[in-house]
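Following the hints, put chain B in place on chain A, whose structure we already have.
What follows is each chain in one-letter form.
There are 2 protein chains.
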Amino acid sequence: MSNCKKRWYPRTQIRASMQYVSIEGILQGRPRAVSKALSLVENGDFAAVSELLQELYPKAAGAFVIGITGSPGAGKSTLVEQLAQLYVQQSHRVGILAVDPTSPFSGGAILGDRIRMQELATHPDVFIRSFATRGKLGGLSAAVDDALVVLAAAGYETLLVETVGVGQDEVDIVQTADVTAVVLVPGMGDDIQAIKAGIMEIGDLFVINKADRDGVQKTRAEVEAHLALSPRDSDWTPPVLETVASQGKGIAELESMLTRFRALARSSDWWKQRRLERQRQRIIDLLRTRILDDVVKRAGNLTLDTLAKQVGLRELDPYAAVERLYKDLSLP
Amino acid sequence: MSNCKKRWYPRTQIRASMQYVSIEGILQGRPRAVSKALSLVENGDFAAVSELLQELYPKAAGAFVIGITGSPGAGKSTLVEQLAQLYVQQSHRVGILAVDPTSPFSGGAILGDRIRMQELATHPDVFIRSFATRGKLGGLSAAVDDALVVLAAAGYETLLVETVGVGQDEVDIVQTADVTAVVLVPGMGDDIQAIKAGIMEIGDLFVINKADRDGVQKTRAEVEAHLALSPRDSDWTPPVLETVASQGKGIAELESMLTRFRALARSSDWWKQRRLERQRQRIIDLLRTRILDDVVKRAGNLTLDTLAKQVGLRELDPYAAVERLYKDLSLP
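Protein chains in written order, with our numbering: chain A, 1 to 332; chain B, 1 to 332.
It is worth saying that the hints were derived from the structure and are not from the lab.
No experiment lies behind these values; they were computed from the predicted model shown.
Which copy is meant is left open, so a pair is good if it fits within one copy or across any two.
Here are the simulated DSSO-like pairs of lysine-lysine, each with C-alpha atoms no more than 30 Å apart in a straight line:
#1 Lys-297 with Lys-272
#2 Lys-297 with Lys-327
#3 Lys-327 with Lys-59
#4 Lys-309 with Lys-272
#5 Lys-309 with Lys-327
#6 Lys-249 with Lys-218
#7 Lys-309 with Lys-59
Excised from the complex, chain A in its bound form (with noise of 0.2 Å):
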């Protein structure tokens, strides 16, 4: 496929960077094609990634999406991996994509781990793919998005996201799932404190993982406490559930909630009203790429080296450059 020559491949090829897509691969689920589009959509530029999504996107609907969030260490990668090997079992097939720079999906696991990882791995229902960071110019939640479009238009059905809860990038990505289930381990007062920040609005389920250890309860009264305080916008109330995520347990009750949840969203308005908000979001981060990819373009580096310049040397405030570029260019 690499070694091909052709230079138009009209609704079955995209080209970017010297490296070809087949469309058709993706469809089929083929590993490969899969995994060329994931560079492209981390990697390519505007053009050749809305070429890609051009053709998925009709074929990616009814996958569910998974997102799992918690502090690095509360055990959200083995969580992901019981999860994953459950709905396997169920003759679903899953994606995996990590976003946490600590998980061991992403490459930096202690050897146990490393093994169990590698088993899931190589299993062919199963797919995992762990994203970095994308440049300046994109987002990393748009890109995450892009990529659940490529992994559901390639018959992966059941989606599990995995980031870490902290930073806004992270709270963008997990508002992008179906679902999203905040992992916390008991006796961790800075969990709770995290949780404060943003996370806490966004989980519709609570997991108390690592439950075998001192401290369940407290963190139970805490979630539930913080949860009767949060106003939602849904008639579901988020449940807290325990695991012990590294001899499996719990990993049934959990999964029958995340069914539950999705059966119950399915009928609901407030369901509606989120992926509206998250479609119309999805739009805004789209444009924001877009349009800076172009300015940048047009502006040039000599003249953002100039009045970067300018700026060092405070004979221009940062807004008063932004609004002479605004100018220089023509903008509205």
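The following block gives chain B in isolation, referenced to the frame of chain A:
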């Protein structure tokens, strides 16, 4: 001040959302004026912040910004507090911005921490502010940048910015600092993993805090091994320091290393280059905010919602939606 009824304040006051900010008050370092200006930076619209910065930017030269980053629980806040006390003893005026959601400065500390923070917070030469995430249209790092300009203009010459070392936003923030210290704790494999994900490249100093614990040598070896492999833009070799911030140990050494870095940086070409890149990035960030703000206003909620619905029904892919917006708004 808030009862003021005048409608036009050339070059002395900025009006935004019924809030009046006194430029003179900021320049005289009056805490209330500074506080209001920071709120404006955090919540205000582009035009108001632009007006504010126009006045303050030329007067904000000479401050030194120290970025402190690292995993939750690494003791960053205690380190920041100790450094601040040292600088205060040296008759500096110190500004502290906590952008870390898990920081005690942000309001979630256990009692002991809280009391010490209070002492620092009420000191006349110290200004502490926690910074939450700015909405979708802005960028957190742009808001932090502007806040630093406000504090510098108010005469706080030593500025400490604490962020959690996970996520692109946080990396962006730390990159705006004049010098960046990455805080680690002994024996945490997770730390090194997180480091690999991007923080390692931007650390000018590495601090192994809680150095009275086991595993200091191992952590030091890991950091040094990583540093040996990382290409650097400078002739500065990042030192690895040891501290026990809770007991005030190693703080003086850290401070003197920061001073050394500053002295070296001032006369260096790589430093000029780094600052130029920083100003450039700042202009681009602002440009993004400004353009997006404009476009969303002009497109209006109605158009965005209609497009979002079509995307939800898969009549349109998100990239095609953006294309349509582009045409509707006659963007170049």
